[in-house]
Each structure stands twice: as C-alpha cells, then as structure tokens.
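Participant: Those sequence lines, one after another, are chains A, B and C. All residue numbers for the first sequence refer to the numbering used here, where the first residue is 414 and numbers rise by one. All residue numbers for the second sequence refer to the numbering used here, where the first residue is 375 and numbers rise by one. All residue numbers for the third sequence refer to the numbering used here, where the first residue is 129 and numbers rise by one.
Treat the hints with care, since some could be wrong.
To be verified - Calculated pairs, DSS-like style, for lysine-lysine (alpha carbon to alpha carbon, straight line, at most 25 angstroms):
# : chain 1 : residue 1 : chain 2 : residue 2
1 : C       : K135      : A       : K567
2 : C       : K153      : A       : K564
3 : C       : K153      : A       : K567
4 : C       : K153      : C       : K200
5 : C       : K578      : A       : K564
6 : A       : K564      : C       : K135
7 : C       : K836      : C       : K200
8 : C       : K229      : C       : K578
What the hints assert, rightly or not - Computed list of chain A residues with no C-beta within reach of chain B, every gap over 10 angstroms:
#  : residue
9  : P443
10 : F459
11 : V467
12 : T486
13 : E531
14 : P534
15 : D556
16 : A560
17 : G561
18 : G565
19 : D594
20 : P595
21 : A596
22 : D618
In case anyone wonders, no lab produced these hints; they're calculated from the structure. Idealized CB from N, CA, C, for every residue including glycine.
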Amino acid sequence: MTRWAMAADLRRCIGCQTCTAACRQANATPPDVQWRTVLDLETGEFPDVRRSFVPVGCMHCGDPPCENVCPTTATKRRADGMVTIDYDLCIGCGYCAVACPYQARHIVHRARFAWSAEPAPNERARFDARRIAVATKCTFCVDRIDAGTAKGLKPGVDPEATPACVNSCIAGALVFGDRDDPASPVAQLLAETEHFRMHEELGTDPGMYYVFDARSRGEAA
Amino acid sequence: MSRAADQIRPWHQANWDARAAANFIGGGSGSGLLIAGAIAHAAGAPYRALALTALALIAVGLTCVALEIGRPWRALNVFFHPQTSWMTRESLVAVPLFAAGAAALWQDGGAYAWAAAALAAAFLWCQAQILRAAKGIPAWRAPRVVPLILSTGLVEGAGLLAMACALPSSAHALARPVSAALVALLVLRAVVWQMYRARLEAPKRALVALDRAAPLFHRVGNWVAAPLAAIAVLLAPDAVAAPLGAVAGAIAVAAGWQVKFVLVTRAGFNQGFALPHLPVRGSGTPGPSAKPGW
Amino acid sequence: MAAKIRKVPEYCYQCVAGPDLLTVKVQDGVATEVEPNFAAAAIHPGGGKCCVKAYGLVQKTYNPHRLAQPMKRSNPRKGRSQDPGFVPISWDEALDLVAGKLGEVRSKGLLDGSGYPRVAASFGGGGTPTYYMGTFPAFLAAWGPIDFSFGSGQGVKCYHSEHLYGELWHRAFTVSPDTPTTEYVLSFGANTEASGGVAGTWRHAEARVRGLKRVQIEPHLSITGAASAEWIPIKPKTDAAFLFGLIHALLHELPRARLDVPFLRVRTGSPYLVGPSGYYLRDPATRKPLMWDVRRASAVAFDTPGAEPALEGRFTVDAVEVGADGEWAHARVEGATAFTRLVEHMAQYTPEWAERVCDIRPGAVRRIAGEYLDHARVGATTVIDGVELPLRPVAIALGKTVTNGWGGYECCWARTLAACLVGALEVPGGTLGTTVRLNRPATSRQASVKAGPDGFMAYPMNPTDREHWAAQPKVRNAYSTLVPLSANSPWSNALGPTHLAWMFRKESPDNWPLVTAPDVWFVYRTNPAISFWDTPAIGERIAEFPFVVAFAYTVDETNWMADVLLPERTDIESTQLIRIGGSKFIEQFWDHEGFALRQPAVVPRGDTRDFTDIATALAARTGLLEKYNEAINRGAAGVALAGDGFDFRLEPKARHSAEEIWDRVCRAASAELTGGAASDGLDWYRDHGYRTRPISRLAWYLYPELVKQGLRFEMPYQERLARSGSELGRRLHSRGIRWWDTQLSEYQALPAYKDFPGIWESHTVAQGGRLEDFPFWLVTSRSMQYAWGANAGIPLMDEMAGNLQGHRGVVINAARARSLDIEEGDLVEVRSTLRATRGPAILREGIRPDTALILGQFEHWATPYAKDMHAPSMNSVTPMALELTDATGSAADLVRVAVRRV
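Next up, chain A with everything else stripped away, as it sits in the complex (with noise of 0.2 angstroms):
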C-alpha cells in the first residue's frame, strides 16, 4: 500500500530557505504564505548553546484532524497519503486551521502581490482567485506526484514527480517517496536513521518524518 510520506534530515538542514522560495515559487502562493517553512530554533543557554532548523508544513497525516472537523468534504486523505483540499468545495471556514496541530493551513482572504496593489506578470500569469478565502495548504506537489507516476517516474526519484521543495534542497535534507516501499529514498533514509515524528503523542500519525542522528550500531535501545 502506497504512503507518500517526506523526511526532513535535521544533521543536514541549515535553514536556508530555499526550499520555502522554492515552495512559493512553484505553488505561486502569495507574500508572507509559506506552504513550506524553515524555523529558526535556539535551545540552550550561553555558552552551551544549539541552533536547529526544521522545515515544516502539512504532515499529511494518516489521521488528519482537518479532514476530521471540515464541514464540507473539501479536505480528503488520499489511500495513498496525500491529504487534499478541493479548493471549489471549501467555504473558508477556518475549522481545518485550528484543527491542525502543525499550523499548516493558510487562509487569504485578499490577493496580495510583491511590489504594490497591481501583480507583477509572473503574479498575473499565475494568479489563482480559487484560492482566495479558502483553506489552502502544502500539497507535497500532488499534481506532480500524480501527473508524473502516470508517466511512469518514480516520486523522490525523478524530480519532475517529486515535491518542489525536495528537488530545490541545496543540503540533501528534504526526502520523498513512498515509505513503504523499502527500496524509495524515504523507507532507505529512514532505515539508516534515528528519526521521529512531530506532535505524534497527539495520534496524528503524520507523514513527514525528522531524521537527528545515524542508527547507532551495537545493542538496540
């Protein structure tokens, strides 16, 4: 059973942001709306001190809250792990964004541009007015996962299948595939790895896995 799922590697991210650019840039989202973001996160005290950065967004969890509470079946978990928004269902109802324990859901009730009022012409040749005052979300590129399984590519593989921010990852970090499939760069990454899962106490079971050491060899925990 196909789960597409990603896996943030925590040893390698060091918060550039290229991966959120790279997000806006391909889903055309407007200013200030990162569907994918890199935090910033200071731990310790002077001089023992840690900086880590962790990319986020939309778990698409196995039991998201968001399709949980939606009102109008517009948010829908895939059987393959993609949880989806149909834009034209939504009544911008805000619920799916207080449900999310991982902040994932944007609303914009205005359409806002870079430079003024007026969109620049890549902001025109891409302008969704869909998307205005509904829920919209990261979607792990679903158009591209599916348009390029169709082909026959492999997502997390080939890049025109796999997530934009996956392909822009200038340090390696960011990860796709299926996961359960032992051999996709996910279930291999993952393996090979100490990792965990955001909020999982919360029973979300999300699909996005944070990768913070090697698998350490010898006696098992």
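Let chain A serve as the given structure and place chains B and C on it in line with the hints.
Facilitator: Just chains B and C now, with coordinates in the frame of chain A:
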C-alpha cells in the same frame, strides 16, 4: 517581534475572531435559555419572549460566523460532512431547532417547546464538541472543555431566565426557584472550571490569558454570583429577591460570555512546534528535547 | 488551453560561491519559476542546485522599480540631499554623452597629473560582475590603463590576507577544506553554511552525514556554528592566539614523531639554516640556502640529492646571509634550522595563554590539538586517479574578519603551518587552495607553479629593491608601491588597499602624490555607498567625482551620484558564456570543466540593452572598435576565439551584434573543449545550457605538482617576506614616507602574536572614546538570503530572511541585554566613536556577552524596497583608518560600540 521569533513558539490562531466567539456566546446562551424556558414554561412562566430571545441569540451567533467564513455564498456546503464534522452536525441540528422553535413560538409552548429544548441541548453539545475537536488549539481540545461549554450554557440560560424573572410577568413568581437553580449551576460551573484549568496542558501564553480572565470569570462570575443568587433564594425579601436574582443572573451570563470570548480570542494559542531530539551535526550526541513556549 | 512552457537553462553567479546552474520556467513568455538544472546533478558539486537567491531572479526581472531606459542627471549638484533629477534620454544621447567624455579624456591623456588613470571602474562582488557584463572587459582592455582602486568591498569585505598569503604559500586565492574526504575541520569564523554557496552547503551536509566533526570557533553562533559539532565562542580577533596555542601543543606537548616529519623535511623550508640576522645561511658560491646533512655531517645546499636534512638543531657553517639591500658573509657562524627557530618561537604561546587571550573554556586548545593530530592520520595514503597521495583528513578554514585586517597574516601563517606540521597541505583530505588570481595562468593552479628562488615556488612580488621599486603609484591604491604581495596580474589593481583610495581623497598623507578624482568612473553591480565603511563619507567622496557612469538596475545610493544611468538587461535577459568547473572560489571543486550559458529567458523589460551591445557601441564611438574586437579575439570574453585547429575570430573592423559575438565564443568554447571535434554555437548552448568534459581530481591538489617540480612549500620561515618588508621600509623612508611603518612591522619571518583587539581599542581611545563607554565588539556576519546581487531589494529574499533569527536588528546576548534593561524588540542605538545606527534588539543565547552583531549590509536610503526596511548596518559606524590597516592593505569588520535602549 520578527516572524522568525514569532513562529518558533505557539502563536494565537488568527482564523476565528470575535465573530466565532459570538457563535459560542449566542449559541450557548440561546440553547441554555431554550432549555430553561421550556422548564419554566412547564412551571407556568410565559414562553414566547424567552424563546424568541433564545432563538435570536442563536441566530445572531450563526450569522456572525456566516460573516466570518471566506466563501459565504457556498455556505450550504457546510452540510456535507455529518460523518465526522461537528460543524456539519451543529448546522444539521440548527435546522430542526429553528423549525421546532418557530412551531413552539407559534404554539406558545407545548410539545414543540420540549422538542426545541432537546434540540437546543444537542446544539449545545455540538458547540462543545466543535472546540474539543480543534486539535490544533490546546486550550480548546482539552476534554474538559466540553463540560465547561455545557455548564456555562446552562448557567447562561438560567441567568437569562433569572433576569427575565425580574420583569413584571408571571415569571416573577419563579424568581426564587430560578435563583436556586442558578446557584446549583454556578457551583457546577465553578467546579468544572477548576477541573478544566487544573488539568489544562497548554502553551504558557494561553494559560496566562486564562488566568488573567479567571478573576472576573471565576471569582466574580461564579463565586460572587452564586452567593448573590443564594441570598435571593434564602434571605432576600420578596421585593428584592427577583432583582437580586436578576443581578446574579446578569453577572453569571456576562462571565460566561467573557470566558468564551477569552477562550476563542485570547487563549487560542496553537500547538507550536516541538522536537523530541535535537540533531547531531556530524559528530557528537543528539540534544535534549525542545518545546518552546510551553 | 495549455500554456506554452519552456525551461530555459541559465547560470547563477550572483556571489563568489558560484557558478551554479538552473532553469527558468517560462510560461507564454513570462518567467514564473526557477528550478535546479536537474541534468547538471551529475557534474555540479552542489547536486545541480541553486540557492535561495536564484529564486529571486523572477522578481528581479519584473521589479517595477527597474530603470526602463537611460537617464541623465539634470541637477549638477551631487550629494545625498541633492535629488539627481534623472531625466530619461535615448540610448544614442546616453552613449554619445559617455563617449564624448571618454574622448575628452583621451585628448587630455590617459593618465592625469598625478600619474593616475583618468578612467576608473569599480565592479565589486569579488569579480562576479564580470559574469554579467558581457564583453565590457574587452572594452576596458582596449581603452588602456584603468584604475580599479576605488573599492567596493575589496580589502574591506573580502578574505584579503588569505588572498595574498594564500597565493604565496600554496596558490590559494581562497582556501577550502577537502570536504568530500576530510574528517575534521577547525573553522575560525568561516561561515560556509551562509556564504559557501550551494557547493559548500552540499559538500558539508554530505560530510556531516559521513561523520565529519567541524568545530566552529566564532564569537556568535552563526548558521555554520549551528551546523557544527561544537561551538567555541572566541573573543573577536584573537583567533591567532588559538592557532598559536594549537601549534605550541603540536610542537611542545605531542610527540615529534607523530608530526609528518618527512613532509617537513622534504616539502617545506623547515631544515633551512637561519643566520644571526634572521636570513637563511646560504652557500657563498651558489647562494642556495643551506641545510645540515646528517649523513654527511656537513652543510649542503637545499637541493642536494640524497641528503638527509636535520629538522632541528644548531650547526656551525660558513655562509652568507642575504638581507635587505645587502648581505653578510659569515665564517663559522651558528645557524639554527628554521624548524628549531619555530619551536623556540612558539614556546611562549601555551594553550593556557591562548585560552586566556581568547576568553574560552580552559582545556579546549589542548584537546583540539589532540583531536587534530589524531584525525590527521599521518602516514596514511590514498589513491586519486591512479596516483598514490598522502591522506590527511584535517583542515583549517578561516572566515572573514579573521582573514582580513590585523592578525590576518598571523592566522593565515598559523593555519598553513598547522597543515604543514601534519603534512595536510594540498593533499587529499587537507587544506586546499581553490584558484589563483595573482599568479598566472588563472586557469590552472598547477600551471602557475614555477620554480622560484630557494626551492620554493616563484611569486611575482612587486619589487622592493632600489632599482625596481615602483616609487610612483600606478593607481590610487598604490598596490605595487605599498604591497609587494599584491603582484601584477589583472586583478592586482583591485586588490590593493582599496580603502586608501577613498581615504586619501579626503586627506592625503605625507610625501604622497595627491589622489585625484577620476575624470570618469564606471560602476556596475556594486554599491560602495552601502557596502563599504564610513559609508556616508564614501557617498561624499563619490559626489566629488565629476562624471559617473552607472550601469544600473534600479536607482541606488551609489548611482544617486551618477551623471548617466545605463540600464542593462539583467541576469536572465541577456547573453553570456562563462567557464565553469575545475576549482574556483570557496568550495567549487568540480570533476569536470567546461562552459555554461546565460540567455534571454524573456523579452527584456523596458528599453534596456545587452551589456555586450553597450560595450560594442562604446567601442565604436570611442574609436576603439578594432582593439575591442581584437581583445575579444584574444579571449577577453572568456575564450580565445582561435586555437589549435579552429578560428572563429571576429572581423576586427566590423560591428558585431551580441548574438554574433557569443555565437563565436560558443563555437570556440566547443572546439576548445572537444579538441576541435565539435564547434556548436549559441543555439546548441541555448538548448543544453552547458557543456563539460571530465577532468582528473588530481587538479584539486597542488602537492603532486610540487613533488614533480621538486619544490617546497615556503613554510615556516618567511625569509623572503621579511626581506621584502625590510627593503620596502627603506624605499618608503627614502621618500620620507613613515606613515606605513606600523604596517611594515607585519613583515616578520616568524610572526609574533600581537594584541590585535588592542589595536581596535587604541583606535577607539585615539578617537576620543573611553573603552568603558564602548564596551561591545560589533561584528557582522553573512546572510545567504540578502547578500549580493541587489537581493536586499527583492521582497522574496526579505521574506525568506524573515524566517531566520537575527536579521534586521541588533543581536545581543540575552542576559547582557537584560542587564542593560533591554528587552526583545526594544529599539537600540549602536554607537561607535564615528556614528550610530539603530535597530530592534534581538536577544540570543548564541553570542558572547561582550559582542553585538548586525547581519548584512543595509541603511539604504535610495534603493527601492530596501530603503523602507530601516535595517541597521555596521557599515556606517565602522571607520576607515590607517591604524586599522594591515600590511596587505586590508582592515576588518570590527569596531567598539556602545549599545543602549532609545
């Protein structure tokens, strides 16, 4: 504060504002009043004014949220997901609720008043569950938010009824029993609040917001209103009992509105982000967990 | 209706960490998205990716504030408060204006009364503007002498000391660890994860997963520190002390046999005998430096076959010492080996001393010395392309503010020496140079290795002997007069003490030709009025220039003083082919070499022109067309148009379009790359984007070339430099110039540690400040999102930067801030003895309590979008001062400040 600093600790949800709070306020008070009104009517109080007020409160609340949604012209889509969505269920209950309410108004009570009261209870239950299902907001998803919403809804209904009892009408005679009910419900609400707050796991700033609201809501709204209502029942002379009960009722209602307003618009901090382990960077050991803002 | 979609291959070279390859998605003629050039993953050392800044190219192209046509100044008065009154003019008028001025210059003579070129140019960007200016270099070459002295970052914001000393010691204009192979890196403020580009980021991420340990030694926890295994919060400008302590431990505490003794004996000047005057003891007949042959029990010349030289000891010989302007002959004189001198010299620099100076946790230096030696794997070998080479997987990287200004020499020397002690210089896993710009040819480090005197590599020092010293400065920064190490390549002009040109415009020092304003100043892709020091003063100096020609993208703080604005077609609107591959700055180590194209992805905006066409037009109007075309033919556009079996040269007397020129360049590039087998032109590159061939990885390492030529690394003893400095002093004194004396003190054969922070403290006091009133060290650090390419004015980059802590404010240690009653977000003033800047306080744990940090370069007042950011900047509060300038002519981003809430 920069975006960078803002987004590494829980921040206040920005999707539901005072209009959403108004739905819980109007819906809670209105449901409570429909229930209280049906019981009072059975004891001889006039029905129409109470029911009209109650339905108006619910309607105002629903209208407010309708104004808040992004695509109001698609509002009917809200009915599409009864299988799991408490918002769908709330809307589905609202339809027969208003039908029964209209019939009860027309009949000035009768069987439809009980039907309306039952549907109001269901409506109140849906509202409580709406918050409970909002997994992204720790102060809302706490299981004890359900008894909190339920108890304050009932308190507000009894409080509004107590205020009505101060007006010259056949409800006047019910002032003492209504005040007695108000005392009991206030004690219940107070206990529920203690239990909700004591067990609440939420970001620091959410707890601060609730604790800032607590003196007004809890100390005054519960522990001043209840004694006032008790005095009205036990000690006050007839001429004073009803107005005193009404004052207690007003305080109880205002407190209920305040706590729901605060809950939705001041204590609605989201989950934020947490890392159970900090990464190894080439060599060394993973770092301890981090849950900023909690 | 499906949109017509093209993915247009381009390159990004906005910063020195490039070039990187990308594609621009164009839908129905509109550029909408940037993506990596996925096909390039196989050959690009950064996985075929481009960094966040490249994604801003779409917004850059469609920036509504772009200049849409040439402009002329209508207000003759210049200054920040003087609105230039730019009025639109036609290209003809604009080019006539510029050509007319140039014509005036030519009739007056190309050099002015002070002997300086009348035409000056500043391009900044570490040379990256070259990759966007088409054939303009050919125009400059055709023109004649140009003065590149007016810095826009050189010596001030660059790795200046590393450039010069690096090239001297191991053909290293910049230095990089051999990241794919190394195991242990000590990084003194090298901010690879912010400034190392795609290649740096990619390589280090791979290395981390492999288990690389990098120790980041830096006053604040930068992006790189965050991505390192350990962070040591060192006091600013004390890095040399740490390195000296490390070397002390290697020499005095750890067993000698664990060092790479064979390397030291055979590949360095360690065995050379040093005489009483501090110069090598040389064979009286051959003048060759002597070493003591243990087997023969006598002194022999350094290149004596079969000799077994003593690494340490004192020996009695008959020899001559060749000093400054003269020599001494000795009989029965005792000489010590350079290595012995080194050991004795380092004795005082104990780890305990170092930790006190650096203000770091006790034990760190000794422990790290041990780790360094453990990881060095002295004696190990590896095979690269069939050649067995030493494997030494340890490296030391230095960052900015460590590699420039006082202390830069000491740090670069100590770093290079530390590599030599374990044989880790220019070998797999070790510390490598990336490219050359002072030595020639620039295309090959190995080819630039030529035997010089004394068994070391030759180096084109600017002469300091009486006969040949350039007493008269050739350009306004006087590089050939003041800085022997700056050599005489095309880059040398821009690598002198560039801030001296600005400083001396205001006040000329004693016995020095007046620094005149240039008659014409070209400026492109640089903004010194923002990106230099004492920036308001820079603006004033620029305002004094009589005629400024700015190739402009938007109005900015520098071209505010321009007389003519010429809007060129920007990055993805014009055509250029460049070389890629081999090894280039920062961490660009390729296993391939070749060429990449940038091309018009969209119809150019406004009435802008391809820089190549502008250059051709100027050449034609100034009577230089033939020389210009010939320069292109010779290779001024990056490739010589004729070679072995091919000839695509331009007809010299004709005007050629940009298309035609670049088509020929492409053909020549194809021919060069394929040995004549292919000659594909522009169309081919438009489709493919790039073309490469594999190269041997041996090209990364200089060690094999030294072995092949029987040469040694000029380490540890800087005899040549000491002599050069001594001679320079005499030359300067003979002209009554004493104001460079402090700088002369840097020319030590074995550098001593000086109180480097004290130099900045003294300067603060000399300016009338009390140290206790200026208690903070203000430093800066790189922002990947904002840096280079006018990215400060791109909304998307601003938005991206907003996700990272520290931008657009003043970073202070949280506890220290609170002790000053400063909370997060409070507006604070950062004041030096020069001036103040303001911004919101950003309280962090990852910074020393005595240090404050301002990221990036801001305080814009003219650049659209950026001028509304009101972000603070270090640049306006940092002074330019001779006292703060080292011998190479660089200073550092460092100043003592007060921080208070306002």
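Participant: Run every hint past the structure and note whether it holds.
Facilitator: Each hint, compared with the structure:
Between C:K135 and A:K567 the CA atoms are separated by roughly 21 angstroms; this keeps the pair inside 25 angstroms, and the hint holds. Using a Cα cut-off of 25 angstroms, the hinted pair C:K153 and A:K564 holds, with the two alpha carbons roughly 20 angstroms apart. Distance hint between C:K153 and A:K567 is fulfilled; the C-alpha atoms sit about 22 angstroms from each other, no more than 25 angstroms. Taking the CA atoms of C:K153 and C:K200, the gap is near 35 angstroms; set against the 25 angstroms cutoff, the hint is violated.
At most 25 angstroms may separate the alpha-carbon atoms for a hinted pair to count; C:K578 and A:K564 exceed this at roughly 56 angstroms. Using a Cα cut-off of 25 angstroms, the hinted pair A:K564 and C:K135 holds, with the two alpha carbons roughly 19 angstroms apart. For the suggested pair C:K836 and C:K200, the alpha carbons sit about 58 angstroms apart, so the restraint of at most 25 angstroms is broken. As the CA atoms of C:K229 and C:K578 are separated by approximately 43 angstroms, the hinted pair breaks the 25 angstroms bound.
At the 10 angstroms boundary, the C-beta of A:P443 stays outside the reach of chain B, the nearest C-beta of that chain being 14 angstroms off. Separation of A:F459 from chain B is adequate, the least Cβ-Cβ distance of about 15 angstroms exceeding the 10 angstroms criterion. In this structure A:V467 is not separated from chain B by more than 10 angstroms, as the shortest Cβ-Cβ distance comes to only about 6 angstroms. Not every beta carbon of chain B lies more than 10 angstroms from that of A:T486, the smallest distance being close to 5 angstroms; the non-interface claim is violated.
For A:E531, the requirement that its beta carbon stay farther than 10 angstroms from each beta carbon of chain B is met, with the minimum near 23 angstroms. At the 10 angstroms boundary, the C-beta of A:P534 stays outside the reach of chain B, the nearest C-beta of that chain being 27 angstroms off. Residue-level check passed: A:D556 sits 22 angstroms from the nearest beta carbon of chain B, beyond 10 angstroms. The beta carbon of A:A560 sits about 28 angstroms from the closest Cβ of chain B, which is more than 10 angstroms, so the claim that it is off the interface holds.
Every CB of chain B is more than 10 angstroms from the CB of A:G561 (nearest about 30 angstroms), matching its label as outside the interface. Interface exclusion of A:G565 from chain B stands, the closest Cβ pair being 35 angstroms apart, more than 10 angstroms. Distance check for A:D594 against chain B: the nearest CB is about 25 angstroms away, which clears 10 angstroms, and the non-interface claim stands. Consistency note on A:P595: stated as away from chain B, and its beta-carbon is indeed over 10 angstroms from all of that chain's, at 24 angstroms minimum.
Every CB of chain B lies more than 10 angstroms from the CB of A:A596, the least distance being 25 angstroms, so the non-interface label holds. In this structure A:D618 is separated from chain B by more than 10 angstroms, as the shortest Cβ-Cβ distance comes to about 12 angstroms.
The structure is inconsistent with the numbered hints 4, 5, 7, 8, 11, 12, although it conforms to all the rest.
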